[in-house]
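There are 2 protein chains.
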Amino acid sequence: MERDVAIIGVGMSKFGELWEKSLRDITLEAGMYAIFDSGVSGKDIDGIVIGNMSAGRFTGQEHLGAMAADMGGLAGVPAYSVEAACASGGAAVRQAYMAIKSGEHDLMLVLGCEKMSDVTQGEAINTVSVATDWEWEGMFGATFPALYAFMARRHMHQYGTTEEQMSLVTVKNHKNAQWNPWAQFQRPVPLEIVMKSGLIADPIRVLHSSPVTDGAAGLVMCSADLAKKFTDTPIYILSSEQASDTLSLHDRRDITTMDAVVRSTKSALKESGLEIKDIDVFELHDSFTIGEIILTEDIGLTEKGKGGKLVEEGVTEIDGKYPVNPSGGLKARGHPIGATGVAQIVELALQLRGDAEKRQVDGAEKGLAVNIGGTGGTSIVHILGR
Amino acid sequence: MERDVAIIGVGMSKFGELWEKSLRDITLEAGMYAIFDSGVSGKDIDGIVIGNMSAGRFTGQEHLGAMAADMGGLAGVPAYSVEAACASGGAAVRQAYMAIKSGEHDLMLVLGCEKMSDVTQGEAINTVSVATDWEWEGMFGATFPALYAFMARRHMHQYGTTEEQMSLVTVKNHKNAQWNPWAQFQRPVPLEIVMKSGLIADPIRVLHSSPVTDGAAGLVMCSADLAKKFTDTPIYILSSEQASDTLSLHDRRDITTMDAVVRSTKSALKESGLEIKDIDVFELHDSFTIGEIILTEDIGLTEKGKGGKLVEEGVTEIDGKYPVNPSGGLKARGHPIGATGVAQIVELALQLRGDAEKRQVDGAEKGLAVNIGGTGGTSIVHILGR
Chain A
1 MERDVAIIGV
11 GMSKFGELWE
21 KSLRDITLEA
31 GMYAIFDSGV
41 SGKDIDGIVI
51 GNMSAGRFTG
61 QEHLGAMAAD
71 MGGLAGVPAY
81 SVEAACASGG
91 AAVRQAYMAI
101 KSGEHDLMLV
111 LGCEKMSDVT
121 QGEAINTVSV
131 ATDWEWEGMF
141 GATFPALYAF
151 MARRHMHQYG
161 TTEEQMSLVT
171 VKNHKNAQWN
181 PWAQFQRPVP
191 LEIVMKSGLI
201 ADPIRVLHSS
211 PVTDGAAGLV
221 MCSADLAKKF
231 TDTPIYILSS
241 EQASDTLSLH
251 DRRDITTMDA
261 VVRSTKSALK
271 ESGLEIKDID
281 VFELHDSFTI
291 GEIILTEDIG
301 LTEKGKGGKL
311 VEEGVTEIDG
321 KYPVNPSGGL
331 KARGHPIGAT
341 GVAQIVELAL
351 QLRGDAEKRQ
361 VDGAEKGLAV
371 NIGGTGGTSI
381 VHILGR
Chain B
1 MERDVAIIGV
11 GMSKFGELWE
21 KSLRDITLEA
31 GMYAIFDSGV
41 SGKDIDGIVI
51 GNMSAGRFTG
61 QEHLGAMAAD
71 MGGLAGVPAY
81 SVEAACASGG
91 AAVRQAYMAI
101 KSGEHDLMLV
111 LGCEKMSDVT
121 QGEAINTVSV
131 ATDWEWEGMF
141 GATFPALYAF
151 MARRHMHQYG
161 TTEEQMSLVT
171 VKNHKNAQWN
181 PWAQFQRPVP
191 LEIVMKSGLI
201 ADPIRVLHSS
211 PVTDGAAGLV
221 MCSADLAKKF
231 TDTPIYILSS
241 EQASDTLSLH
251 DRRDITTMDA
261 VVRSTKSALK
271 ESGLEIKDID
281 VFELHDSFTI
291 GEIILTEDIG
301 LTEKGKGGKL
311 VEEGVTEIDG
321 KYPVNPSGGL
331 KARGHPIGAT
341 GVAQIVELAL
351 QLRGDAEKRQ
361 VDGAEKGLAV
371 NIGGTGGTSI
381 VHILGR
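Protein sequence lines, in the order shown, are assigned to chains A and B.
Counting in the working numbering, the first sequence runs from 1 upward without gaps.
Counting in the working numbering, the second sequence runs from 1 upward without gaps.
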């Protein structure tokens, strides 16, 4: 029997440079908070899925499924991890969604984690580059800032997008993050500081880029019928869709559009029977601020080329028509790669439950998250409803 | 609607030290063969899942989902990879099984791959150690040969298992592999050579150990109703079960038993309504030959402690009562980590179709595969039937 799937618990570790904690510490922390929040006990959990990209390179540890089960006192429970570059967290949510829908699992712990700060800066850059097309991009020195710089420059050329607009995304997301207790940067940053921050790959500046972050996020998900036993405020997954694109940027028909996002968003809206204007709150993958601008276009909040205007006009503010990244997004909440897609869903669940405190979007009933891998080689879209 | 799931196509790359090929070459090769074998065309495929452990460390490339979709001319198709150490391949099969059962996917390409020979011997050993408990085992130099040596020594002490019995597993699996065109070592090896081969971690010798291997394996899986459109000989997945155990060996109640195997096998038999004696052919995870001996006990082919006798008495030969590893197993087919679990299912499908040529188990109708992660921290069991 095909079943509806609900989120009944959410948890996060603090995001940041967590020198004093290990990968297993933060993963356990997020998982325990999610379990506490849900009211289930360990013995109710019949499966664990973890989103992670590169624990093997960052920390020397793979086999994270057994690790998480063991650390959580749940040795015995089936557990594995999934990888889809920066969309690994979204992939984990989608795997749990399918596993529960299939009837093979009833109540699962979903985790996302990455510990990025225990290696040198150079090794961190090389490790993140495993998500590029290594043979055609990464090996030749094309890091993600460089690839997103191509996209930004072309977007500026073709649509007149400005450096100020890219900077305004930073200003908005930092403003939002001051109200997010788990965010890496809980402070506003003025426009002029963003505009004057160091240039990494012209036109992308350091404050247009998401940081290197340690962090983990967790969800308890179960079948909708089971959810009522544990909570009065289950959040339902109305649709879960995924698409891929060419791995390398240079193979795309248009580097200012992420076709995988367009496709997976269309499918997700169709599956849920909603239109984009029915959605109240958005978490969009802003690994670079040009990414948020492109995504607002590709999911249909505005026409292609007008994403810059959207942020300029305040439409994507928490009190705007289409609030984007009330959490602070990847830019200010931080971007522990495997955790990001799960953290997006945590934020949406809190928003739909009305538990997002000072960053609450008034009366939010439907939320949409886009989690991207690489430069858009993977896109995973979830629509949630209460 | 919960649906039955079938395998309609299988494919393999040659296993071995493939210096002249890249990870994407061999992955593409296995996938293409599986697609050709199935008779589907690219446009029928609506999802890709890849089992892989450490491509990030071995080759610099993660984001393998998008890579495989792109290389296969299938950019657009949702794709991701799953990791459960040496059970990553089995995990990929299980993910596809759930994805199809959930109704989210109808026809999927399942791949397993690892390219292990492009790094130094030392880096290969370190990379494989990501599947140990890194903080409590690997970091202190406890490699897999060392950990399995503990298990072997204890098994010998407790049950009188002999070095000769461990060596006879090698002899059997090498004998079988001479008839497997994809195997890394297609030649028999006499008992005295095994017994005299170099000692790695007493009592484990080099010829008790699976090799470092490059290789990929592929399956086309779909819903049972769809299968009939493409083939007259679909092979059905009768059950798919998984369990975990403590990540580190020293935390187990008994290091001569893999509890995760016991549990997942029991569940799989129950789910399929079969008893172990109903199974005609077995693929068991023999990363070290003591592993095959332990698994024959843990799945119930004999009592605990009598696995050594089983191989001695010829019970696990191709023409024995319980043929184990007609493919040559990990020992002789080779063990490209993420590919192994998929290759096991390829072999069982060929056996049940009657296509296993000189290594065919006469009239095989039911097959069982056990894919292990680490020292048994993960176990994934599939039962197949025609």
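These are calculated hints, taken from the structure and not from any lab test.
Treat the hints with care, since some could be wrong.
Because identical chains share one entry, a pair is satisfied inside a single copy or across any pair of copies.
The list that follows gives simulated cross-link-like pairs (lysine-lysine, DSS-like), each with its CA atoms no further than 25 Å apart [claimed, not checked]:
1. Lys-309 <-> Lys-270
2. Lys-270 <-> Lys-43
3. Lys-309 <-> Lys-228
4. Lys-266 <-> Lys-304
5. Lys-43 <-> Lys-228
6. Lys-175 <-> Lys-43
7. Lys-43 <-> Lys-266
8. Lys-366 <-> Lys-229
9. Lys-14 <-> Lys-304
10. Lys-358 <-> Lys-270
Note that the structure is predicted; figures quoted are calculated from it, not measured.
Structure-based check of all given hints:
1. Lys-309 <-> Lys-270: neither (27 Å within a copy, 60 Å between copies)
2. Lys-270 <-> Lys-43: between (36 Å within a copy, 21 Å between copies)
3. Lys-309 <-> Lys-228: Intra 43 Å, inter 53 Å, cutoff 25 Å: neither.
4. Lys-266 <-> Lys-304: within (15 Å within a copy, 55 Å between copies)
5. Lys-43 <-> Lys-228: So Lys-43 and Lys-228 pass the 25 Å test inside one copy only (18 Å; across, 40 Å).
6. Lys-175 <-> Lys-43: neither (40 Å within a copy, 45 Å between copies)
7. Lys-43 <-> Lys-266: Result: close only across copies, 19 Å inter versus 38 Å intra.
8. Lys-366 <-> Lys-229: within (23 Å within a copy, 40 Å between copies)
9. Lys-14 <-> Lys-304: neither (36 Å within a copy, 47 Å between copies)
10. Lys-358 <-> Lys-270: This pair counts as neither: shortest intra-copy Cα distance 32 Å, inter-copy 51 Å.
Hints 1, 3, 6, 9 and 10 from the earlier list are contradicted by this structure; the remaining hints agree with it.
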